[in-house]
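Given the coordinates of chain A, assemble chain B onto it according to the supplied hints.
Protein chains in written order, with our numbering: chain A, 197 to 484; chain B, 197 to 484.
For the record, the hints were derived by calculation from the structure and aren't laboratory data.
Here a beta-carbon is modelled for each residue, glycine too, at the ideal position from N, C-alpha and C.
Watch out, some of these pointers could steer you wrong.
Pairs of lysine-lysine, BS3-like flavour, derived with a Cα cap of 25 Å [what the hints assert, rightly or not]:
hint	chain 1	residue 1	chain 2	residue 2
1	B	K326	A	K369
2	B	K243	A	K374
3	B	K326	A	K312
4	B	K312	A	K312
5	B	K326	A	K365
6	B	K312	A	K243
7	B	K365	A	K326
8	B	K243	A	K343
9	B	K343	A	K394
10	A	K425	A	K446
11	B	K312	A	K394
12	A	K369	B	K293
13	A	K326	B	K369
14	B	K243	B	K446
15	A	K369	A	K394
Reference listing, derived: stretches of chain A covered by chain B, where coverage requires no fewer than 3 residues with Cβ under 8 Å from a Cβ of chain B [stated by the list, open to error]:
hint	segment
16	233-240
17	315-323
18	348-359
19	382-395
Number of protein chains: 2
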Amino acid sequence: MSTLTVPAQVPSVTEDCEQLRKAFEGRGTNKQLIISILAHRNAAQRKLIRQTYADTCGEDLLKSLGKELTNDFERVVLLGTLDRAERDAFLANEATKRWTSSNQVLMEIACTRFSKQLIEARQAYHARYKKSLEEDVGYHTNGDFRKLLLPLVTAYRYEGDEVNITLAKSEAKILNEKISDKAYNDEDLIRILATRSKAQINATLNQYKNCLVHPEHYFEKILHLAINKQGTDEGALTRVVTTWAEVDLKVIKDEYQRNGVPLDRAVVKDTSGDYEKMLLALLGHGDA
Amino acid sequence: MSTLTVPAQVPSVTEDCEQLRKAFEGRGTNKQLIISILAHRNAAQRKLIRQTYADTCGEDLLKSLGKELTNDFERVVLLGTLDRAERDAFLANEATKRWTSSNQVLMEIACTRFSKQLIEARQAYHARYKKSLEEDVGYHTNGDFRKLLLPLVTAYRYEGDEVNITLAKSEAKILNEKISDKAYNDEDLIRILATRSKAQINATLNQYKNCLVHPEHYFEKILHLAINKQGTDEGALTRVVTTWAEVDLKVIKDEYQRNGVPLDRAVVKDTSGDYEKMLLALLGHGDA
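The following block holds chain A by itself, in its conformation from the complex (with noise of 0.2 Å):
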């Protein structure tokens, strides 16, 4: 369930690219108007938006953008304003350069996308960056963390319902046994990682529930740690927010609200400024 809400009465793309000028203009920059914009159309929409600002003010609006916004509250129109699959590559290309910190974030987008989603977000990782996810990722890391990345990275999961209980058993088996050795980095246990459908691997997993099979359980954890962090991480916050605004976030936020208070509040409290009423309003606040 998504949090983005869209007004009953959408202003002509025509007009939204005018105030998004006039947001533009003059000293300073009207961030309120930007944020009652993107913050408050959908992904068609905002699509429609970038094309038609390219074609009446001869300049990308992701480049407007960043020139006048900086910081958290840049990082967050734009992640907001990208579709599904330009934020995905985006995001794998930045945690291609930081790997220490955001090893993370190319788990997250191989494992917590649907298939087609993640060759989306490879061909847009073509278009932007004239190169492979995989080269970048392949390149960029080595032992068994790339021997563990690499397949889930250029997984094409089948996605039906289908599950081979004969399968699960014996595969579970082998789970158990190298889990149990601590061999984490088996081939087996990657490759069944890696291949396997979800439902099949639900099946194999049985009682354990894990980021694959349900990924709200792991982003409100993401969350929790992001903002409970001695210095809130922006950088985790906006990813998870932008990514999931217009998917499940509601899921999320309900998640998160069970664990101890509404995540609207923990947002207010933790960050400030046009950066907090962007967050606020890709979580469902204020007039759409």
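Frame of chain A, contents of chain B only:
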């Protein structure tokens, strides 16, 4: 360059279906009629024929063909009728079941298709087999071969012409080291072959010509082996002719002829009956 010929005046799809139905009627099958249609229609036309046939005859054309035909002729007609992605999925699935002799088929599919075609083959694999290609490849292989094959079949290579010469030099050095140490299963060697764009690999290999970059040399060799074998290898012959008829078979034929007799003459010498006729039709012989 394609060798497939289509008549200047193609009969209507209804007429083609009518003729096919006639070919199946009564005792015996009119194989020449089947060849005259299915070897002389392009992929879009064949697709339409299959749809119309299913609608009007209430049976999948491939199923009807399977009932009427046998052995090598059945196989060449079925593979020749499928579209590219379906044919690749079929060949790949077959290969996962008969390892020893057909490892090379998976290598071919992984290395000689365009990135988009490989993804389409993987999609067709989902649709037909209700599981993923990498799932079957991973499950049925092991050791060094799996280590190389899995990243190859899941690759989505960048296809632009951009080449990074500094990178090509440093990776050529890696390849030289690993190959002179006979470390063919080295992780970096595999990463380079499995993730870099073909243009980049070409720059890296530079003086070498290989299957990845010049598939026509490779397939010419496969045809030579298939034909010169004691007892022709019909499986390989059918696979190469049906896969490339509509793409590059002309180039492969020219290459073949440069190394000895013309391909058509070799086919006539080694095959017979309707199987021979269908192959020759796909090689550009006979009236379209």
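Quick rundown of the hints versus the structure:
A threshold of 25 Å between alpha carbons decides the hint, and for K326/B with K369/A the separation of about 23 Å falls inside it, so the pair holds. Restraint check: the Cα-Cα separation between K243/B and K374/A comes to about 47 Å, which exceeds 25 Å; the hinted pair is violated. Only pairs whose Cα atoms come within 25 Å are accepted, and K326/B paired with K312/A is accepted, the gap being roughly 15 Å. Distance hint between K312/B and K312/A is fulfilled; the C-alpha atoms sit about 13 Å from each other, no more than 25 Å.
Of the supplied pair hints, the one linking K326/B and K365/A holds, its CA atoms being roughly 19 Å apart against a limit of 25 Å. Distance restraint check for K312/B and K243/A: the Cα-Cα separation of roughly 24 Å lies within the 25 Å cut-off, and the hinted pair is therefore satisfied. For a cut-off of 25 Å, the pair hint linking K365/B to K326/A stands: about 19 Å separates their Cα positions. For the hint pairing K243/B with K343/A, the CA-to-CA distance comes to about 40 Å; that exceeds 25 Å, so the pair is violated.
Under the criterion of a C-alpha separation no larger than 25 Å, the hint pairing K343/B with K394/A is consistent with the structure, at around 22 Å. Between K425/A and K446/A, the direct Cα distance comes to roughly 23 Å. Compliance with the 25 Å bound is thereby established for this hinted pair. Among the hinted pairs, K312/B with K394/A is consistent with the structure: their alpha-carbon atoms are about 24 Å apart, no more than 25 Å. Proximity of K369/A to K293/B is assessed by CA-CA distance (about 24 Å); at most 25 Å being required, the pair is judged to hold.
For the hint pairing K326/A with K369/B, the CA-to-CA distance comes to about 23 Å; that is within 25 Å, so the pair holds. Our distance criterion of 25 Å between C-alpha atoms is met by K243/B and K446/B, whose separation comes to about 23 Å. For a cut-off of 25 Å, the pair hint linking K369/A to K394/A stands: about 18 Å separates their Cα positions. For a cut-off of 8 Å, the count of residues in the segment 233-240 of chain A with a CB near a CB of chain B stands at 0, and the three-residue condition is violated.
Under the rule that three or more residues need a Cβ within less than 8 Å of chain B, the assignment of the segment 315-323 of chain A holds, with 4 such residues. Chain B is given as covering the segment 348-359 of chain A, and this holds because 8 residues of the stretch bring a CB closer than 8 Å to a CB of that chain, at least three being needed. For a cut-off of 8 Å, the count of residues in the segment 382-395 of chain A with a CB near a CB of chain B stands at 6, and the three-residue condition holds.
In terms of the numbered hints stated before, the structure departs from hints 2, 8, 16, listed from lowest to highest.
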